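Q: As a plain string of letters, each chain reads:
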Amino acid sequence: MGESVTLTWTDWQAVAVPLALAIGAVAVLLVDAFWRSATAQLRHTVVTLLTGAVILFGLVFVWAQRDDFKPAFCRPAVEGPAECSLVFEPMTAGLWAVLLIGGLGVVGLSAYRLLASDIPVGEYHFLLLSALSGATVLAGARDLATVVIGLEVVSLPSFAMVALRRDRRGSEGALKAFLVSVLSTAVMLFGISYLYGVTGSLYLTTIANRLAGLDPDLERVAFAAGLFVIVGFAFKIAAVPFHAWLPDTYVGAPVEVTAFLAVVSKSAGVAGLLVLVTTGIAPNGSDLRTVVAVLAAVTMTVGNLAALRQVEAVRLLAWSSIGQVGFLLAPLAVGDAQAVVGYLAAYVVVTLGAFGSVAVVQRHRPGGLLTDYRGMVRSEPGLAVALIFFLVVLAGLPPGLAGLFTKFAAFQAVIDAHLGWLAIVMAINVMIGLAVYLRWVAELFRLPADDPFSVDIESPAVAMISLCAATAAVLSVLPSTMFALAT
Amino acid sequence: MIATAWRVLGVGFSLLVVLTAGLLAGAEPGRSSFLNSSIDGLTLGFAVRTDDLTVLLLAVVGVVATCVQVYSLGYLHERPASYHALVALFTAAMVTVVVADSLFLLLIGWEVMGACSYLLIGHYWERRDARSGAVKAFLMTRLGDVGFLFGIFVLGVGAGTFRISELDPAELSSGVLTTGTLLLLVGVVGKSAQVPLQTWLPDAMPGPSPVSALIHAATMVAAGVFLIARLYDLFAASATTLTVLAIVASVTMLFAALCAMAAVEVKRVLAWSTVSQLAIMFAGLSLGTSDGRHAALFHLVTHAAFKGLLFLCAGVLLHQIGSAAFVVLRRYTRRGRLRKALPVTFATMTVGLAALAGVPGFAGFFSKDTVVEAAWHHAQDGSGLGWVVLVSVCLTAALTAFYCLRLWLWVFFRTPALAGGIGAFEDDDPMADLDEPDTSKLRDAPWVMLSPLVLLAIASVVLGYADGVHLNWVVGLVTTVLVLLGALPAYSLWSRGADPRPVVLEREFGVDPLYHRLFAVPARWLARLTVAGDRDVIGAYVRATGRTGTLVSQGFRRMQTGNVQTYLTAAVVGVVAIAVLAGVIGS
Amino acid sequence: MPLILPLLLAVLLFCIGVYGVLARRNAITLLMSFELMLNAVNLNLVAFDAWRLDGLATGQTLAVFVITLAAAEIGLGLAIVLLLFRGHGHVDADAARDLVEQDATEQRKGAAT
Amino acid sequence: MNAILLGILALPLLAALALWALPAAIGDRLAALYGSVVSGLVLAGSLILWPWNDGWFAYTPDERALRAATDVPWIPALGVRFHVAVDSISMPLIVLTALLVFLCCLYSLRITPRIGRTRSLIALLLVIEAGVIGTFSAMDLVLFFLCFEIVLIPMWLVIDIWGDEHDPAGRKRAATTFVLMTVLGSALMLLGFLLVYRQAGTFDIVRLTNAPVLGGHGIPLAAAILIAVGLAVKVPLWPLHIWLPDAHAKAPTVGSVLLAGVLLKLGTYGMIRILLPVLPDATVTIAPYLAGFSTVAIIAGSLACLAQTDVKRLIAYSSVGHMGFIGLGISTLSPAGLRGALFANIAHGIITGLLFFLAGAIKDRHDTSDLRAIGRALYARLPRIGALLTFACLASLGLPGLAGFWGEMLVLLGAYDPSDLLPRTTYLVLMVIAGLGTVLTAAYFLRLVRNLCQGDPAEHPATAFAVDLSRIELITWAPLVALTVLLGVWPGLLLHQWGNL
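Listed in order, the protein sequences are those of chains D, V, R and W. To convert, note that position 178 of the first sequence is 178 in our numbering; the numbers rise steadily by one, no gaps. To convert, note that position 361 of the second sequence is 361 in our numbering; the numbers rise steadily by one, no gaps. To convert, note that position 110 of the third sequence is 110 in our numbering; the numbers rise steadily by one, no gaps. To convert, note that position 114 of the fourth sequence is 114 in our numbering; the numbers rise steadily by one, no gaps.
Read the hints as simulated data drawn from the structure, not as lab findings. One or more hints might be untrue.
Said to hold, decoys possible - Below 25 Å or equal to it, Euclidean Cα-Cα: the simulated SDA-like pairs (lysine to any residue) are:
| # | chain 1 | residue 1 | chain 2 | residue 2 |
| --- | --- | --- | --- | --- |
| 1 | W | K172 | D | A224 |
| 2 | V | K441 | V | D467 |
| 3 | W | K172 | V | G555 |
| 4 | W | K172 | W | R365 |
| 5 | W | K172 | V | G546 |
| 6 | V | K441 | V | G336 |
| 7 | W | K172 | V | Q554 |
| 8 | W | K172 | D | T301 |
| 9 | W | K172 | V | A544 |
| 10 | W | K172 | V | R547 |
| 11 | W | K172 | V | G539 |
| 12 | W | K172 | D | L447 |
| 13 | W | K172 | D | L370 |
| 14 | W | K172 | W | T368 |
| 15 | W | K172 | D | I428 |
| 16 | W | K172 | V | A532 |
| 17 | W | K172 | V | D536 |
| 18 | W | K172 | D | R378 |
| 19 | W | K172 | D | T371 |
| 20 | W | K172 | D | L19 |
| 21 | W | K172 | W | I111 |
| 22 | W | K172 | D | D451 |
| 23 | V | K441 | V | I321 |
| 24 | W | K172 | D | F453 |
| 25 | W | K172 | V | R543 |
| 26 | W | K172 | D | R309 |
| 27 | W | K172 | D | V311 |
Claimed, not checked - If you want the ones that stay clear, here's a sample from chain R, every Cβ over 10 Å from chain V, calculated:
| # | residue |
| --- | --- |
| 28 | P2 |
| 29 | L13 |
| 30 | T61 |
| 31 | T68 |
| 32 | G75 |
| 33 | L99 |
Remember, it's a predicted structure, so these values are computed and weren't measured experimentally. All C-beta atoms, glycine included, are put in the ideal place defined by N, C-alpha and C.
From just these sequences and the hints, can you work out the full model?
A: In structure tokens:
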């Protein structure tokens with residue numbers, strides 16, 4: 001019988017951010033629910049500011065503690081180092097920063113006049129903050145129970161957000177995401193149960209230690225269990241072949257929510273998988289890593305190929321995000337946290353920007369076809385240049401150096417791990433990915449357009465897109481900032 | 001205005017060359033090098049030298065070029081600016097070859113000449129035969145030049161220098177020497193139109209006649225002879241090369257003379273005669289003796305005079321009548337008009353033909369005899385090569401006399417037997433259905449054209465005595481007899497009005513079609529094959545990649561059915577698949 | 001009781017759950033199938049806990065978590081199903097196909113109009 | 001000094017950004033003038049920077065030859081530094097780039113593609129210039145890769161937007177093929193760089209040159225192959241050349257000029273700068289194959305030219321052959337061959353630039369580049385352009401006395417006497433084949449002159465708008481003609497640069 005777990009000041013510090021987000025979530029809900037007298041604009045603005053403030057607090061907190069190592073909810077282990085449920089360390093800081101920046105971006109995209117008017121503001125922000133809270137927990141989790149809880153706290157609000165508009169499309173999208181996710185949770189839990197069975201612990205470090213000295217008979221069981229856990233996350237991040245729900249859900253949800261799914265939800269999944277792979281179930285040299293590498297190769301290839309002929313902007317982004325996840329999985333498969341976090345950072349920023357731009361266009365042209373963007377470089381030069389920049393970053397070509405260097409880091413990680421075949425697949429996918437994005441860029445440049453897109457863009461959108469572009473530009477010039485997120 | 005400037009420049013430049021030759025005559029040999037850069041111990045750069053050979057060639061080039069430039073003032077009316085500029089450039093290139101002491105400088109002149117000849121032969125680019133002749137000239141000489149370049153590599157790398165004056169046969173291994181000189185010989189064969197690269201020269205005849213004169217007399221083809229004379233130490237040190245050269249020369253001189261016997265156009269006869277005469281020079285050089293070299297150079301000089309003269313004469317015919325085909329000329333001759341209307345041309349051409357045929361007293365007689373004599377001496381020294389050369393030169397002398405006389409008689413004289421008929425050339429008369437030509441306006445060319453003729457005609461006689469007359473009477477007698485032996489059949493055939501031309505000779509041994517079939521046709525096929533390969537093999541892969549991408553993409557779109565249970569099924573199947581795959585990896 | 005029996009039962013339950021998810025069309029049935037799967041997990045956890053004599057009772061604790069989680073999921077699931085029913089008038093999971101990509105030609109037509 | 005280098009790197013980029021910031025309404029002429037001034041400044045800067053006689057730093061002690069170096073850490077996490085410097089390997093290419101861009105801008109003062117949008121075109125040209133100069137001065141593998149890629153999207157846009165206006169689908173396809181093949185190649189090249197990094201622990205070219213990755217098999221060989229393939233796409237070496245004819249044929253005149261004159265050199269420069277010094281042993285292993293493919297490129301390119309019916313395609317294919325010579329020169333690993341390759345780089349840039357200018361002029365005047373549609377007897381209709389075309393063709397076929405000769409001659413000399421580590425007999429065979437390739441080269445250029453310039457003018461009457469050489473054309477082409485002659489008669493001008501090679 002171990003000693004009882006007592007909460008210390010360090011524990012509180014480590015969970016401060018998730019806690020603050022959760023409290024913020026409740027506060028937002030309360031404000032929206034009980035302050036009915038204010039005008040919609042005022043209420044919306046206050047809610048936005050409140051949400052933003054909470055997330056900003058989290059960011060500042062992360063920034064202040066970025067170099068610290070703060071384990072929380074620890075107890076001395078039977079063997080080996082202390083077992084902790086949640087750890088704040090530099091990698092966590094990097095992941096939290098990415099998640100929070102993503103959340104902040106989504107809040108910005110959901111500012112007044114941007115968010116569809118039929119979405120209840122309070123619930124929306126409540127769900128957003130809840131999911132963020134879960135995401136941060138997931139990124140810091142060091143035991144499987146916390147992982148499961150964190151994952152669910154991210155997922156369930158996301159589905160609610162997809163369906164928040166309460167229309168046919170939203171409900172269908174939510175249903176698809178929900179069903180696939182629940183199946184994945186069940187599979188993952190099934191795997192966890194076996195993992196627990198063979199190792200007798202849920203703490204990742206302990207599992208890692210015990211896996212090393214496992215009875216060979218049980219090794220197969222442990223491997224299968226680990227596989228199930230990874231497959232659970234593969235659903236979450238929509239790795240092929242567990243991706244099919246993603247395009248439909250992305251198209252069905254409001255664009256802001258899609259941005260949320262693509263940025264926060266997906267990052268959370270990657271963060272969780274990263275934690276699992278690096279600290280727990282897939283130690284260096286494990287066959288599970290090979291499985292992840294295979295998943296990476298298949299995911300990026302299928303994602304990019306499917307994106308090749310899409311004619312709708314959101315669907316193209318959906319498929320391309322699958323491709324991007326493939327690229328993320330590649331350094332993940334070799335346990336290179338730095339490359340993963342860096343990639344995630346660039347991905348989050350430009351995906352936000354891209355969805356922001358798409359949201360602007362979609363609000364005025366609901367069709368959402370790529371042809372709607374024709375000639376925009378002349379009619380809406382600012383927006384077009386920003387969008388082109390985002391796309392080029394996603395493709396990983398100059399001037400989008402942020403994307404180039406994150407891909408570079410991914411290549412480097414893979415090469416250092418002697419996965420030559422994966423590197424070749426990645427190289428081919430760089431080409432396919434470029435083909436995907438160039439089609440869109442070409443539309444933007446095509447002149448003359450019959451009916452060019454030209455509107456008065458809402459100022460919050462301008463601010464958000466400019467911010468994303470500026471951040472991406474800074475990351476391009478100083479790519480080391482991205483990689484400094486997790487050192 | 002511009003044309004006038006270029007005319008002045010052209011004539012002036014040629015005169016300058018003559019003047020330079022005059023100034024350099026008797027001066028101390030000198031050398032200097034410039035613009036050098038060194039690569040890996042090899043110096044790559046330019047160098048010039050002046051010595052007797054240089055001066056001799058400069059004089060020849062200068063005089064012929066001056067004659068051609070002056071003659072062209074009257075001859076050429078279309079696009080004179082580019083013409084005169086190119087002739088000047090042509091001359092300059094030859095001068096470069098002559099003064100070069102660096103193999104690369106020599107190569108520059110060598111190939112610029114090729115380019116100039118291409119451009120000048122194609123001067124009448126409206127004409128199909130001029131176009132193809134020009135291309136052919138350039139390509140065949142270029143083919144030889146590749147060998148020439150490789151020869152430079154072999155010798156230069158072997159000797160560690162590209163300076164001609166520093167190439168010492170004693171320091172070169174015999175393998176390098178033989179390979180290098182043989183490769184150089186390839187270039188020479190191409191440039192001087194020897195067998196097997198002989199076909200371009202006759203086809204180059206559509207060019208303006210003065211250009212032909214320049215090419216055949218002083219530049220281009222003479223460069224080959226000059227080159228061997230310049231590198232004579234090297235060539236003489238390699239017995240293999242000399243043997244090859246002798247065989248090439250012997251075959252060429254007979255081949256070309258035979259072709260000339262059946263040609264039915266003045267310029268074509270002359271072109272073949274050039275090939276044949278050059279072969280005589282090469283034969284002299286192939287002896288490997290200083291006598292032989294001297295004989296060859298002597299023949300080069302006299303040949304420059306009479307061949308230049310002959311081509312300029314042919315130019316007059318072309319200029320005044322519009323054609324140099326036998327059949328056209330016969331239309332005038334059968335009325336006896338040609339000789340009377342063009343007295344100066346007739347006279348000078350007679351001199352030229354006599355010199356070419358080796359009629360005693362004319363320059364060609366002496367120079368050819370020197371070659372024969374050198375060969376004779378060499379043969380007496382016990383050289384088989386000498387005998388080969390001797391026999392072939394003697395035979396060629398007879399054949400030369402035949403075609404010269406044939407040309408002279410058929411062009412200028414009525415045939416009593418034909419009683420005013422055109423004769424044996426009627427078959428290929430392009431104007432057979434035309435009316436009789438109006439001969440009344442036919443008159444000799446203006447004096448600006450005739451004066452070079454006269455000058456060269458004088459040279460064609462005088463030059464024979466320039467070297468001092470040391471005639472070997474036996475040799476002289478033998479060659480004279482041979483000339484007579486050659487001339488008699490020509491006369492008797494003419495007087496009977498017959499001109500039997502064996503088909504094989506008329507087709508020039510079928511070499512040209514053979515080359516066409518051997519090289520041009522396969523090249524065209526290969527070209528089509530390459531294009532098709534790019535399009536249907538390499539390009540097909542690229543296109544197929546793109547199409548596969550599109551198809552796969554469409555496939556993925558199809559798989560996106562919208563049915564969530566399909567997705568779930570796919571996912572479960574995916575789990576199983578990954579489990580199986582992992583099992584495979586794990587085991 | 002040997003460990004193998006509850007494990008076999010759990011596998012059986014899980015497989016029935018998977019079958020239900022794949023074979024049934026009614027969304028409610030699907031939710032029930034998920035319940036089955038999660039309960040299989042619970043069974044596993046408790047069985048392993050008992051087998052291992054885990055002093056921390058980790059397995060049981062996680063089982064409680066899973067029960068809570070399942071409740072939350074079903075709650076949200078039912079809400080979504082209700083929404084689906086409101087929008088579509090039925091609760092067939094495989095009949096909700098609005099979001100499937102239209103055929104390219106149709107889309108072009110749509111863009112033209 | 002390093003300020004100048006940084007200046008000529010930054011100036012075009014900033015100027016391009018500034019140009020885009022200007023309103024779209026500014027006149028085409030003004031934009032072109034702006035571009036001319038900027039690129040003129042870059043040209044001036046590059047001329048000031050030209051180091052005389054210092055040679056390649058790989059062959060000089062103490063890195064004396066490296067000039068204008070700037071070396072600051074950039075991304076420490078990845079081991080990437082911002083390290084730029086020039087030596088006499090890169091400097092002539094930089095000057096060539098600056099010159100060609102300058103001439104293109106100057107040309108655009110009067111003659112622009114019919115599609116218009118000159119402002120953007122000029123800006124893209126400036127971006128390309130910055131990228132190319134960056135590639136030529138990068139001393140860090142990652143920076144090299146980066147600059148290598150900078151060029152892609154602008155060039156893609158240039159072809160996609162301003163390309164052949166009669167064939168929108170074709171130009172789109174050409175642009176996409178170009179960009180995708182190059183991106184795949186450069187991604188593979190990046191893999192090679194990363195392998196080098198894994199072996200040597202640095203991306204710095206200077207350090208790698210001083211302490212190369214030795215060993216001719218295993219990882220160094222894999223790295224060398226990957227790098228060579230990546231660069232070969234750009235060169236382009238047969239059979240990776242398939243993007244080239246379309247891209248050149250469909251691109252606008254200035255695009256073709258830059259594509260052929262400058263962009264192709266990135267590949268060969270990379271081979272000389274990276275492959276040889278960094279992976280010396282592995283390069284020896286792959287050199288014979290490289291030489292073989294180069295020779296095939298010479299022959300295949302020339303043969304393909306013989307069957308072309310489009311003047312721009314023909315010139316494009318001729319680049320395949322010429323670049324094959326350069327590849328052969330590099331693969332001899334001998335001083336003569338390398339210098340030949342370097343010289344031919346410059347000469348090809350000048351001559352093919354001129355040829356594409358001429359082809360563009362002919363195309364503009366006839367609204368097609370199809371030889372059959374243009375008709376013959378250009379000498380009669382456009383005598384000056386015809387004469388210039390003939391001149392350029394003669395230069396391009398390697399006529400001694402013009403710039404095209406020396407490079408190819410030195411390449412053949414290098415093949416005659418290759419590095420001692422290489423199989424000489426193989427190279428002798430390749431030399432002979434390449435020599436025959438020069439004859440084929442002559443054949444297709446003469447065929448071009450014959451089919452285009454010569455012919456009976458009566459059959460091909462002049463079109464009404466056919467204006468012979470305009471003043472702006474004269475001004476832009478004159479430097480190229482002059483350089484062709486100057487380098488032809490004085491090759492030492494450049495050869496001196498590589499003194500200690």
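Q: Indicate, hint by hint, whether the structure satisfies it.
A: Now the hints, each set against the structure:
no.	hint	result
1	K172/W - A224/D	violated, 49 Å
2	K441/V - D467/V	violated, 43 Å
3	K172/W - G555/V	holds, 24 Å
4	K172/W - R365/W	holds, 23 Å
5	K172/W - G546/V	holds, 13 Å
6	K441/V - G336/V	holds, 14 Å
7	K172/W - Q554/V	holds, 21 Å
8	K172/W - T301/D	holds, 24 Å
9	K172/W - A544/V	holds, 17 Å
10	K172/W - R547/V	holds, 15 Å
11	K172/W - G539/V	holds, 16 Å
12	K172/W - L447/D	holds, 14 Å
13	K172/W - L370/D	holds, 17 Å
14	K172/W - T368/W	holds, 18 Å
15	K172/W - I428/D	holds, 21 Å
16	K172/W - A532/V	holds, 22 Å
17	K172/W - D536/V	holds, 20 Å
18	K172/W - R378/D	holds, 20 Å
19	K172/W - T371/D	holds, 16 Å
20	K172/W - L19/D	violated, 54 Å
21	K172/W - I111/W	holds, 22 Å
22	K172/W - D451/D	holds, 22 Å
23	K441/V - I321/V	holds, 10 Å
24	K172/W - F453/D	holds, 23 Å
25	K172/W - R543/V	holds, 14 Å
26	K172/W - R309/D	holds, 15 Å
27	K172/W - V311/D	holds, 17 Å
28	P2	holds, 25 Å
29	L13	holds, 16 Å
30	T61	holds, 27 Å
31	T68	holds, 24 Å
32	G75	holds, 20 Å
33	L99	violated, 6 Å
Hint violations for this structure: numbers 1, 2, 20 and 33, all remaining hints satisfied.
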